[in-house]
Amino acid sequence: MSWLGKLTQGLAKSTKRLADNITGLATGTLPLDDERLDEIEEALIAADLGPAVAGRIRERLADQKFAKGIDEAGIRTVVAEEVEKVLAPVALPLAITRRPQVVLVVGVNGSGKTTTIAKLARLFKADGKSVMLAAGDTFRAAAIAQLKIWADRVGVPIISGEQGGDAAGLAFDAVKRAMDEGIDVLIIDTAGRLQNKAGLMDELAKMKRVIGKLDPSAPHDVLLVLDATTGQNALSQIEVFSQVAGVTGLVMTKLDGSARGGMLVAAAEKYRLPIHAIGVGEGMDDLQPFDAGEFARALAGAED
Amino acid sequence: MFDSLSEQLGGIFERLRGRGALTEIDVRAAMREVRVALLEADVALAVVKDFIENATQRAIGAEVIKSVTPGQQVVKIVNDCLVELLGGEEEPIPLKIAVTPPAVVMMVGLQGSGKTTSSAKLASWLSTRERKKVMMASLDVARPAAQEQLRVLGEQTGIATLPIIAGQTPVQIAERARQSAKLQGFDVVVLDTAGRLGVDEALMAEMAAIASATTPDEILLVVDSLTGQDAVNVAAAFKERVALTGVILTRMDGDARGGAALSMRSVTGAPIRFAGVGEKLDALELFDARRVAGRILGMGDIVGLVEKAAANFEADQAEKMAEKLAKGQFDMDDLRQQLAQMKKMGGLSGLAAMMPGMGAAKKAMDSGAVNPKMLDRMEAIILSMTMKERTKPEILTAKRKIRIANGSGTTVQDVNKVLKMHQEMANVMKRLKKMGGMKGMMKMLAGMGGGMPGPEGAAPGGEGPGGAIDLGAVGRMFGRPGMGSLPPGFNKFGRK
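Chains as they are written, first to last, in the working numbering: chain A, 1 to 304; chain B, 305 to 800.
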């Protein structure tokens, strides 16, 4: 199944909901009155766009004066267009431009960092790059073992230490090894942490500083992994992780579920951080570049 | 964001500082803001809609306490509704583990919701708090090293784990776990399952198969408190396939407002049992509905304010009344206040029904001997008096009485009845004063008056110690004939 197929399947529920809301009263061509606008707004809120962004999109739709009326497909197209306008500027792939390019992967617990790293490694390797992993989650039980299994499956080397060891020291060693061995991409895993845990966030800041000791420009990318099922807290995650670790881009996981990941729209509007990729399944190939148009249309249930 | 929301509410109701009951317009306006607050807190839209409708019905007509705005009062009522919906007033239901051993506890949820950590925390809780012999088994053959993770957690907590045998299916592991727990005399076996998406048919079917193979005594849905609108879909998907008996909310130590709790509770109907509050393996707490409600609404300060105002109001009233009683003063305004309090409490019949030993008064009212409308008439009479007349009723001449009767649409006889009633009450007050020890008595009365906390602890207007109840109680205490359980002179007034 294509990634779009998976995404669309995953988003089918929201699509259906939007469709239900709209078809419920709109057979034929009707003006976009308050009642229909309300329903569109609610469908957007139910997709996690948040009341603020949903309200703004509603206003934009209201402004466009569909005096002659608009049918269901038309509404979807318009909604998709509005969402795409917000997302298009931030849909940027993760480009590998230097050697070694150091990628630090951060996020809250359970967002899917380790799996995302495996998928990224697979993508870069398929692209002909040499990839190395660093098992920087020295906190969670068996996190190192988990990444080792992935490294094995993908066929890339991994630097690891003991559980409970110093993650910053390990990251330093990994950067050194990557430089010595001429590796193209080094991806460093980190322990999941809630952004309101000051102590853990300090550790992350320290890890980032240590990585920069050998190469002041490193880490070149700091990816924040967001779980699509997360609600408005994602905004707080972006804000705090950006302050502490200087997030450069986002990856959203678990979009193959019933969650729509609508807070990406809110995030794009507020923080304008690049969205590099989305995870649409548990398989190694289920990480895909983020396409604003496809995402917006899937969210709105619009036809291509 | 949350601050501005509170401010917004404050701004909207600046103009509406009116007293009395909440009007539908006030309530609806405030609810618009509450709706946004709930959505910002990730409560699912469908749940928000139902909730707002119920809370609106409850709020319309509720009393606004002195010194808070109608908006604040609405927030307080919403908070109480939240606590109730989250199961705040219920006794926590213990896990059903007192069965023929081993009791089977199955953990289910999405990927990354925190099942494995929660399994270890729960096992540890059951072992240390409930003194149970617990075994854990990981049925997660999908995520690399998941079984290893649970084994390590078992070592850290000193909880036995089922030895890992590679190549077994989850159902096989589950059966082996139960068998082995039975043979080794474990009380409880905790089954940690793989994370799965509600839309993944194969994995959902597998979960149902595990449940039917092991017939768990508890099936707990583990949910990340950071979850957004999707919470309803997750809850519905899992509820459809297995009989959920409870919910564990994880990452409650984060800064999410945790609206998922409300969505979970509404959709599954299952109680929220525990909250995960940290990375350490003892960081598991019994779920506290009150705290979570405050967090979801994000207006803890307002709720606190209203509660404090309510408490102050009661204390104020009690103090003033105590002072007046101590001085033996009791003027017409005090009488009016008593009447107003009675009215607030739902009129005479409502009041009578609430009070013990007032069956006779209730009967009298029901039979029509005492007209509930008289409260309004009595109030009108007092309101038609000048301030001076109210404090010094003895200056009332026949001329003044006619004016008051005309002003209140009553007769001079009615005015006289009110005066007579006041006189009798004032006499009681004087006798009370002579007895001394007023403070102690007021305290006792306060205890009686405060013994009726409605769900709207926010509407205590009529419950204060200054309330009519207390005067009735005073009357009873003296056992004066003719006073019965009603304030003195009351019965006379009612008779035509």
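Just so you know, the hints here were simulated from the structure itself, not pulled from any lab data.
Since the structure is predicted, the reported quantities are computational estimates derived from the model, not experimental observations.
No residue lacks a Cβ here, since even glycine has one placed at the ideal position from N, Cα and C.
Honestly, I wouldn't trust all of these hints.
Cut-off 27 Å, straight-line C-alpha distance, at most; resulting in silico cross-link-like pairs (DSS-like, lysine-lysine) [as the list claims (entries may be wrong)]: (1) B:696 / B:624; (2) A:213 / A:129; (3) B:624 / B:584; (4) A:176 / A:148; (5) A:148 / B:584; (6) B:584 / A:206; (7) A:197 / B:584.
Just so you have them, the derived chain A footprint on chain B, three or more residues with Cβ under 8 Å [stated by the list, open to error]: (8) 341-350; (9) 411-419; (10) 446-452; (11) 526-532; (12) 556-563.
So, going through the hints one by one against the coordinates:
1. Annotation: proposed proximity of residue 696 of chain B to residue 624 of chain B holds, straight-line Cα distance about 18 Å (limit 27 Å).
2. Of the supplied pair hints, the one linking residue 213 of chain A and residue 129 of chain A holds, its CA atoms being roughly 24 Å apart against a limit of 27 Å.
3. A distance of roughly 52 Å separates the Cα atoms of residue 624 of chain B and residue 584 of chain B; the hinted pair therefore is violated under the 27 Å criterion.
4. With a C-alpha separation of about 20 Å, the suggested pairing of residue 176 of chain A with residue 148 of chain A holds against the 27 Å cut-off.
5. Between residue 148 of chain A and residue 584 of chain B the CA atoms are separated by roughly 24 Å; this keeps the pair inside 27 Å, and the hint holds.
6. Between residue 584 of chain B and residue 206 of chain A the CA atoms are separated by roughly 22 Å; this keeps the pair inside 27 Å, and the hint holds.
7. A C-alpha spacing of about 13 Å is found between residue 197 of chain A and residue 584 of chain B, which places the hinted pair at or below 27 Å, so the restraint holds.
8. For the segment 341-350 of chain B, the assignment as covered by chain A holds, since 7 residues bring a beta-carbon within under 8 Å of that chain's beta-carbons and 3 suffice.
9. For a cut-off of 8 Å, the count of residues in the segment 411-419 of chain B with a CB near a CB of chain A stands at 5, and the three-residue condition holds.
10. Only residues whose C-beta sits within less than 8 Å of a C-beta in chain A count toward coverage, and the segment 446-452 of chain B has 6 of them, enough to reach three; the restraint holds.
11. Coverage of the segment 526-532 of chain B by chain A holds [criterion: at least 3 residues with CB-CB distance below 8 Å; count 4].
12. Given a C-beta distance limit of less than 8 Å, the hint that chain A covers the segment 556-563 of chain B holds, as 6 residues qualify and 3 suffice.
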